[in-house]
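Protein sequences, first through last, are from chains A and B. For what it's worth, the working numbering labels the leading residue of the first sequence as 17, then goes sequentially. For what it's worth, the working numbering labels the leading residue of the second sequence as 17, then goes sequentially.
In case anyone wonders, no lab produced these hints; they're calculated from the structure. One thing to keep in mind: the hints can contain errors.
Which copy is meant is left open, because identical chains are indistinguishable; a pair holds if it fits in one copy or across any two.
With a straight-line cut-off of 25 angstroms between C-alpha atoms, the simulated DSS-like cross-links for lysine-lysine are [stated by the list, open to error]:
(1) Lys203 - Lys319
(2) Lys61 - Lys71
(3) Lys295 - Lys259
(4) Lys317 - Lys203
2 protein chains.
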Amino acid sequence: MKITPYHIIGVDLGGTNIVSLFINEKGKVIVRDKRETLTEKGKEKTINQIVESVKTVIERGKKKGISFKSILGIGIGSPGPLNTRKGLIYFAPNLPGWENVPLQNILKKKLKMPVFLENDANAAALGEWWIGAGKDVNNLVLFTLGTGIGGGIIINGEVVHGFRDTAAEIGHMIIHEEGLLCNCGTKGCLEAYASATGVVKRTISAIKDGRKSILTEITNNHLKEITCKMVYETAKKEDELCKWIVEETGRYLGIGIANMVNILNPEIVILAGGMIEAKDLLFNPVIKYAQKYALKSAIEKVKIVPASLGDDAGATGAAATVLKRRGKL
Amino acid sequence: MKITPYHIIGVDLGGTNIVSLFINEKGKVIVRDKRETLTEKGKEKTINQIVESVKTVIERGKKKGISFKSILGIGIGSPGPLNTRKGLIYFAPNLPGWENVPLQNILKKKLKMPVFLENDANAAALGEWWIGAGKDVNNLVLFTLGTGIGGGIIINGEVVHGFRDTAAEIGHMIIHEEGLLCNCGTKGCLEAYASATGVVKRTISAIKDGRKSILTEITNNHLKEITCKMVYETAKKEDELCKWIVEETGRYLGIGIANMVNILNPEIVILAGGMIEAKDLLFNPVIKYAQKYALKSAIEKVKIVPASLGDDAGATGAAATVLKRRGKL
């Protein structure tokens, strides 16, 4: 008997873009569709965009000779909080109007196919575990470093969801109790220090405290124009303040990583998100401080590496979610 | 065919006592043996004590009509660091002379039975999960609050060991970077603030800074005599300093718990160890601050409770390790 190869569709639903991938069982991308999320046109429109994007990759897959029947299902990586069992999005900060949306059921009806929902950062972690930077390990922690700090945890090859699907909120780990105020309302979270927002806030605060930096010239004293990328680029120009901010950012991230390594002893820690474009400027201090702050027995042989799937991590992991839920991975 | 019930032996190897339990498959204790660990007489003597203790419970079990053949194996909960796969103890701070001891193989030869090794705090967590405070949940975090702070993590009913058996070192989670110096050499670990040692150090330090407390009278100004228990008892007597220390200890533990809840979203957090004798005086502030510092979505419905197996948690969990490794649990 010939065993038919199967295919999966993974969708990354973001506040900026919707990415859909038509993938084979080994993770090879056959067709890719990316379109800007028209969030301002409302929830219905965005849902239709997902449907259109999925139909597009199926059509284009067909033209490449792949049968509809070989598709195991569709995985959606979505911002949350959400309920993976019910396929329900409770709330999505970057998608205005999304409250208690039973996305899984809606898409199932419209697309006549099994649909599975996963948190976007968990999906990215699962994608990296499946065919990315963590493809040879059983235990990993992924940090997403962007406007905020999120994460995904894989233990024994499975995503850790926790009791009510809120696990891996590693940006809200307190590393300096009663320290800087975080967006969540608590003081001292890792995110308040080491997210892109945290980097910018600490830089502006230091300049206002009298520290000199060429950022004042670059922005013509409009400090609100400072971005995280600008801080990293200015650090390369030997600006003392920016060099210090970058070093401190590495130290804070090193503490967050050391905590996760002491708590879970993963084999690999993967950093993802916009900030990793800074490469060694970010990774060198991060690795140095993670080693300094973690227990030697826990951090020994732990690799700290950049994500390897880039913008496709979420959609790849969403596809892997289908394989997991259908017992194929 | 009649299915024979099976039995297990669990041993908790501690620096103070060796506890052996002869347990049935449902966790009921049939025979218990407790003896003082004669650590000063060396490693060989302690190993012989384990052998004698196990033989004692087997003999007494026999008298109760339980056949040797029904015993599935022996589980040992041991201080570490250790290697659970090889059954090797690398090092044990409270057992002088124990370095690279292949305890599993040694006991297997001496006792002619399968032997399995587990870290003591992991064993306690597994014991509480099996028949203790966490018996109805799949995900839990256990904190052991004693001289130091250790822990055990259960996810989907399995102990989290990590890549190299060092997971759940939750006492060395940094909650105040660059804060109080910890025994591990790093600054700001939870253990430095909230272990019994941390409580005593903070109290002495406050008195030396000029804070008034009746502890100076109680100890006749020998501040070195202050114990953690004394601080809790003095807090009950409305001593302002001790009340503040107890409140702050609850706050630090609340931060540690909030971090674990944000990271793993367990259903239950179990506190074990000597400090839980303080009951509400400990639990009231701990629960208040955990709720304050954790994300609302993560802490909602999470229970924070005392361990229920007391001194038997380690040996019970060591027995459960046998069931796990032999595929019976």
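My question is about Lys295 and Lys259: at a cut-off of 25 angstroms on alpha-carbon distance, are they close within one copy, between copies, both, or neither?
Result: close within a single copy only, 14 angstroms intra versus 49 angstroms inter.
Have a look at Lys61 and Lys71 and pick one of within, between, both or neither, based on CA distance no larger than 25 angstroms.
Answer is within: at 15 angstroms inside a copy they meet the 25 angstroms cutoff, but 72 angstroms across does not.
Have a look at Lys317 and Lys203 and pick one of within, between, both or neither, based on CA distance no larger than 25 angstroms.
between (32 angstroms within a copy, 23 angstroms between copies)
Given a CA cutoff of 25 angstroms, do Lys203 and Lys319 count as a within-copy pair, a between-copy pair, both, or neither?
between (30 angstroms within a copy, 23 angstroms between copies)
The structure agrees with every numbered hint stated previously.
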